[in-house]
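A.B. asks: Given the structure of chain A, go ahead and fit chain B onto it with the hints provided.
Next come the chains, spelled out residue by residue.
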Amino acid sequence: MALIELRGVSKIYHLGGEEIRALDNVDLDINGGEFISIIGPSGSGKSTLMHILGCLDSPTKGSIKLDGTEIASASTRDLARIRNEKIGFVFQFFNLLPKLNVLQNVELPLVYAGCGSRERRERAMEALRLVEMDNRAKHRPMQLSGGQQQRAAIARALVNRPKIVFADEPTGNLDSHTGETILKLFHDLSRKGSTIALVTHDPEIAAVTPRKIEIRDGKIAKNVDAKLAGQLDGPKFAVGNQPG
Amino acid sequence: MHLINAILVGLKEIWANKFRSMLTMLGIILGVSSLVAMSALVKGMENGMKEALIAIGGLEKVRVEEQDIPVWQQHLADQAVGTTMNDVHALIRSAPLITMVVPEMRTRNITMTRGGKSISPWNFIGTWPNAVELNQHVVAHGRMFNALDDENARNVCVIGTAVRDALFGSPEQIGREVIPVGEFVNINNQRFKIIGMFEHYESDQDKKRRELQTAKPPEPKGTGPERSRGYGSMGSKGGSRSMGGFVFDLKNNSVYIPLNTMWLRFRAASGTSGTGTGGFGGRSSSGSSSGSGSTAEFVPDPRLSTLSVKIADIDKMDEALQQAKNVMLHTHKGIEDFSFRTQENWSEGITQAISNARMSGGIIAAISLLVGGIGIMNIMLASITERVREIGIRKAIGATFFDVFTQILVESVVIAILGGVAGLFTSNMLVKLLIILSPTENTPVITVESMFLAFAFSVAVGILAGLFPALKAAKLNPIQALRYE
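In order, the protein sequence lines correspond to chains A and B.
If you're matching positions, the first sequence starts at 1 in this note's numbering and goes up one per residue.
If you're matching positions, the second sequence starts at 1 in this note's numbering and goes up one per residue.
If we strip away everything but chain B, and leave its shape as in the complex, we get:
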């Protein structure tokens, strides 16, 4: 008997028992669609996390952080200098595996005001112009401050969109986008000129949602007084935020000013004494070990908040870090009060989380597919018991072991294939349903591979489930089968 014939016979048999076959198929449909949907969710999660990783500067970015002095060097604690501009210059001069060094000096307790509005930005950073490149910022309007602005310690700043939203109003509130380049703001009562603004950072998902919302007319506000819903409800967008979304919020809520401006206006000048101006870069101060804020200090704190470096080659991460460590141990008089923080940890965390999610989701979906397979086997066994006589007749008129075996196996596989195809369609709907039910930050992405895999899996399940019933049917003795009532 030809295969096409066998398939036609199988289809006919399935059609003859429509309801039963549908129920059997349902198991496979659910298995396939949950497998595809699960992998789509994981893929979406992966995409979101990768986006976030790129947004924070990629793997090449390494931060030098302060670290508690090791126990065996505790007696040298009062000689520890901290991370200063000395390190920056030394690294630039002596560490060829490091392509970029960006000093950052942060200050808290900053209030930016304009008119009646104010904001305390999360990131108020004095830095060099190349921070834009290292931190993956894009200046959408105006310009980044340059070396000259830094050298002259000009009162200029580049802001993120969240700062603009707070001081000038967001596009959603006032219906048009304000580009405040050229405007002046007060930062802790000092007049600063906004010379540039970064682009609005958001995940792809948020972008899509926002575009969707602008297409729709604005919805009427809910009843009751306006209120902030607390942490995580930043911006005009509703919905839950993820780790990825938080990264974008953080980036939007930034203000960059030249490093020297930071030093002169907010560090050196902030104490009641007002001493210690200028030229801090080449100085090696003994440094005070107490807090690094702009709290009243007689001696200004020349330490950098962070020092970020970009390494030349990700494959030479270890060598580059060793080089940087050697250089810095020299400038730190051998005291190891610093450590390197790479994004590898996060990257590994992402990979780990993804593979965990994939594994657990895959196992659950595979189990449901397996249950579908058991359903097929069950129904095939019931079906051959019903058809013992038919099988006897077929054997009497010349069907071989192989003919009967193929017939039953093909029926099982046809059920699995139909279920698999239907499952692929259903998975599409299931994913859409998931998006509606839980508006996650990461759009589930259905990949071709996952569909292919799920389909192949369903066919394999169909074959496995059909083997035993087919064997049982093919081994029937024709004489006994013909006598069977």
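Isolated chain A (complex conformation):
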């Protein structure tokens, strides 16, 4: 059974009497351990898809099963709990809390999960080691470079051992070199077993993932799995150097 199953999911907004179908009857399966990218131009509905997959939003129609649980009609309180336990987020602008240091930022999801302070600290340090940021634990976000902030944000996304991590344009605010190291980090994490979904408008970034889901006008335009197609032997990080 897939980790996430979308069946006939639609999200419809009403703006000034006009109906806007941000998502139109989407079917999608994501399996555990997959490394995927969701790609599409702005306004295509990819953000809406990510919000719905990430339990930040509920669909107008359709059913979503996350880890076997139906969440399309869950209450906001249940959604908050699912976000806390099963989902990690990485944002374009890092979104670390400036008043807290790196360790406290990483601990934050565990605070809401109700962990004791010792366990919080241990697991947060573990997550920081995973992204090689354990030596910056006491720094404030503002004292770090963009790449370091994004690593800390990734540690925060991982600290709850989520079923899936969503990264929304994670390299969008970084220079290309730093962006590459972040993508490499995602790939390493994927190899260690994390399920990761990159959301991007950039085909070059999407190229690093084995599976690409392209969204256009609220519908899945392409759903290419390189492994199944046998087109790709391994990931390529060098941007612009992709197999034809």
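Each hint should be verified, as a subset may be incorrect.
The list that follows gives simulated cross-link-like pairs (lysine to aspartate or glutamate, EDC-like), each with its CA atoms no further than 16 angstroms apart [what the hints assert, rightly or not]:
no. : chain 1 : residue 1 : chain 2 : residue 2
1   : B       : 475       : A       : 78
2   : B       : 61        : B       : 313
3   : A       : 99        : B       : 390
Which chain B residues face chain A? A few, computed with CB under 7 angstroms, are given here [as the list claims (entries may be wrong)]:
no. : residue
4   : 14
5   : 16
6   : 390
7   : 393
8   : 396
9   : 398
10  : 399
11  : 400
12  : 403
13  : 478
Because the hints were derived from the structure by calculation, they are not lab data.
By construction, the Cβ of each residue, glycine as well, lies at the ideal position given by its N, Cα and C atoms.
C.D. replies: Below, chain B without anything else, positioned relative to chain A:
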């Protein structure tokens, strides 16, 4: 999220915005301290008034006073006898609800002299020995005159300290306390022996001030000739006097002599005729209706100035007064030329004044606390607007509605609690400042209840002020909050 965690987060947030939080807290600090200070002032006032009430004899004391004859009895006016010793004996015999009857005969235009000094005491009273008990006097030196002194109409007197101060010098003036028991004075040129002196009556506040002053060396006198500053500047103490303080002055400025002495030396003997001696007690005179002073009269006036009674049980006040009225109507031949004055009026006045003061002061202080609360709400609203993104992040990583709600509410309550605690400390200083700025006769008393109440009120204000901002923050949509710039 645990509550302790939430409180820690709240404290951190307050610490991060120290100046802003301080300003916000200031509203609560002022509200709490003014509430406590206000109630301390009222409490002090209440204490002072209660002290004064006890000093004038408590609620059990009832005075029988002369009253204008009612209109429907005007035709009997020339038969009205006034209050006399007949009433005293009748009440003792026939009114069991009255435990004590004290006749008083006063005379004005009295001058006491000794050496070159003189005084006209405010209260020059001929009475029975039990007046000491009824009027809550304490004989500190010597003794009160007894029944024998009264029966023999001896020329003895018991004086208050103000009289002593005037005739012998006050302790403040001559540096030691004169106890003039055994000395002789002239009262309207008749030789009287002082056999006792009452203690010095004063309010607690005056007592404290006096003790403070004796501890300090005497201050040099101001320049210019000594002068009296007129009414209200009696005694060596400066500062303003209250109604309560006046009661004590009045008590100190008293001279008691036996009733029979008063009758023989100052009433019956004072007229040019000098007639009508002795045995007035059992006589029912037709009485002259003109003034009751020691002015020249051919027939001495046997009427009592006042008749004070003590009733057995304060709960049976009405029954006791009815009984006394029945008895006295009998001795007064049915003419109602007397009335009863209880201290209930004053007592009720005190209660009324206190509750008025408490109410108005409480409302003003509560309003200032409310303004403090509005300040908190305002700052919390500004704070959540600043932190929309933070709230979005927190929600994205799993904070529930309740988590965010508690966080904001706790911040608001923590500000209120810190402000409340600081306000309690400030109130202490505020009260001290008030004492310095206006040396009132009544020491403000900070009560534990008022502190507790003010603190509880500040916490309640913190909760109320936090509710709306907390609700607003908790209802934020995480997606929109994350997009917020």
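A.B. asks: Indicate, hint by hint, whether the structure satisfies it.
C.D. replies: Taking the hints in turn, this is what the structure says about them:
no.	hint	verdict
1	B:475 to A:78	holds, 15 angstroms
2	B:61 to B:313	holds, 11 angstroms
3	A:99 to B:390	holds, 10 angstroms
4	14	violated, 12 angstroms
5	16	holds, 5 angstroms
6	390	holds, 6 angstroms
7	393	holds, 5 angstroms
8	396	holds, 5 angstroms
9	398	holds, 2 angstroms
10	399	holds, 5 angstroms
11	400	holds, 4 angstroms
12	403	holds, 6 angstroms
13	478	holds, 5 angstroms
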